[in-house]
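Participant: Next come the chains, spelled out residue by residue.
2 protein chains.
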Amino acid sequence: MKKSLGPRTIPFPAPVWVVGSYDAAGRPNMMTASWVGICCSRPPCIAVSLRQGRYSHANLVARGAFTVSVPSREHVKVVDYWGIVSGRDEDKLARSGLTTARSALVDAPYVAAFPAVMECRVLHTLELGSHTQFVGEILDVKVDEALLGSDGQPDFDRLALFVYADEYRAVGGIVAQAFSIGKEI
Amino acid sequence: MKKSLGPRTIPFPAPVWVVGSYDAAGRPNMMTASWVGICCSRPPCIAVSLRQGRYSHANLVARGAFTVSVPSREHVKVVDYWGIVSGRDEDKLARSGLTTARSALVDAPYVAAFPAVMECRVLHTLELGSHTQFVGEILDVKVDEALLGSDGQPDFDRLALFVYADEYRAVGGIVAQAFSIGKEI
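From first to last, the protein sequence lines stand for chains A and B.
Start counting the first sequence at 1; every next residue gets the next number (my numbering).
Start counting the second sequence at 186; every next residue gets the next number (my numbering).
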């Protein structure tokens, strides 16, 4: 028997990604976002939704570009911090002890120490209510070489990702092979 | 050192959700989608991207409604099957052995046996290339009563979710408390 919980958002689960941008003074800002997702294969696109009041929001509008840095579990504390505090109030990079790299493809920075990054230019902006959705074309994906398998693809055991499901939870062991186990039906 | 993997999509990770709709004859169809995500808090909204050729695509356009059923790990085989095969070619429900319930709020069915469902009406449609993104307002979230904790909220240990990260991987143990551990910085 299902119980109604009302009209609301529940992360079943949601990614935990870090949106990187430059502010008007050219300072890098990093903001954690979970209302995000891949939204197209060709061209490869990603959607990130930001509240209108967020410091990063104006940066994406002004620069037409952003990055999405993908953290490992070892970075969970700083990632949570970057979701709680605004770049308007604190130098979030300095307090994190992490450094950024400038994308060679788009006008945005990314977190050098994180295992992966997607570099994006803004294609569409959609006003939804509390949030603006920015759809970015993924111009490149970069992954730490040490985290690639012998096939040249990301090794998700070593990436050690986590997701948001009320708490932060580990992306764990393999349940089944995708586009494979269903053929048994 | 990061290595460029080119302009592409990589699920770092992506949800594995099932989009439910009725076809022109009123038959329920279920399609697995991973290019999805929450995209707004007020009103609560979810985005699902479907390829233009998919059977479900025309259903969402015609009905202006869909559901998102959230599966547990025990359903991984049928969920993969629903991603591989088209409702145009097979009666996916009959072969799955699962039944659907009719939403009382929107013109769409959901999977009765799955632990949770979001019932949505289409607010926006965005053509992106290979995929159309449908943004739906979440009119209600329903969760199996047996999977709610003593606080009335979903118990993510018992929900036993999984995500897509090349393979299907379990949403595992707690890494840290969200909106909490970052305060230590």
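For the record, the hints were derived by calculation from the structure and aren't laboratory data.
Every residue, glycine too, gets a C-beta built ideally from N, C-alpha and C.
Accuracy of the hints is not assured; some may be wrong.
Said to hold, decoys possible - Among the chain A residues that face chain B by a calculated CB cut under 10 Å, a handful are:
1) 3
2) 61
3) 122
4) 126
Participant: Each hint needs a verdict: does it hold in this structure or not?
Facilitator: Here's how the hints hold up against the structure:
1. Restraint check, residue 3 (chain A) versus chain B: the minimum CB separation of about 5 Å is within 10 Å; hint holds.
2. For residue 61 (chain A), the interface hint is violated, the least distance from its beta-carbon to any beta-carbon of chain B being 17 Å, above 10 Å.
3. Given the 10 Å rule on beta carbons, the hint for residue 122 (chain A) is violated: about 13 Å separates it from the nearest Cβ of chain B.
4. Given hint, residue 126 (chain A) at the interface with chain B, holds; its Cβ is 6 Å from that chain's nearest Cβ, closer than 10 Å.
Hints 2 and 3 from the earlier list are contradicted by this structure; the remaining hints agree with it.
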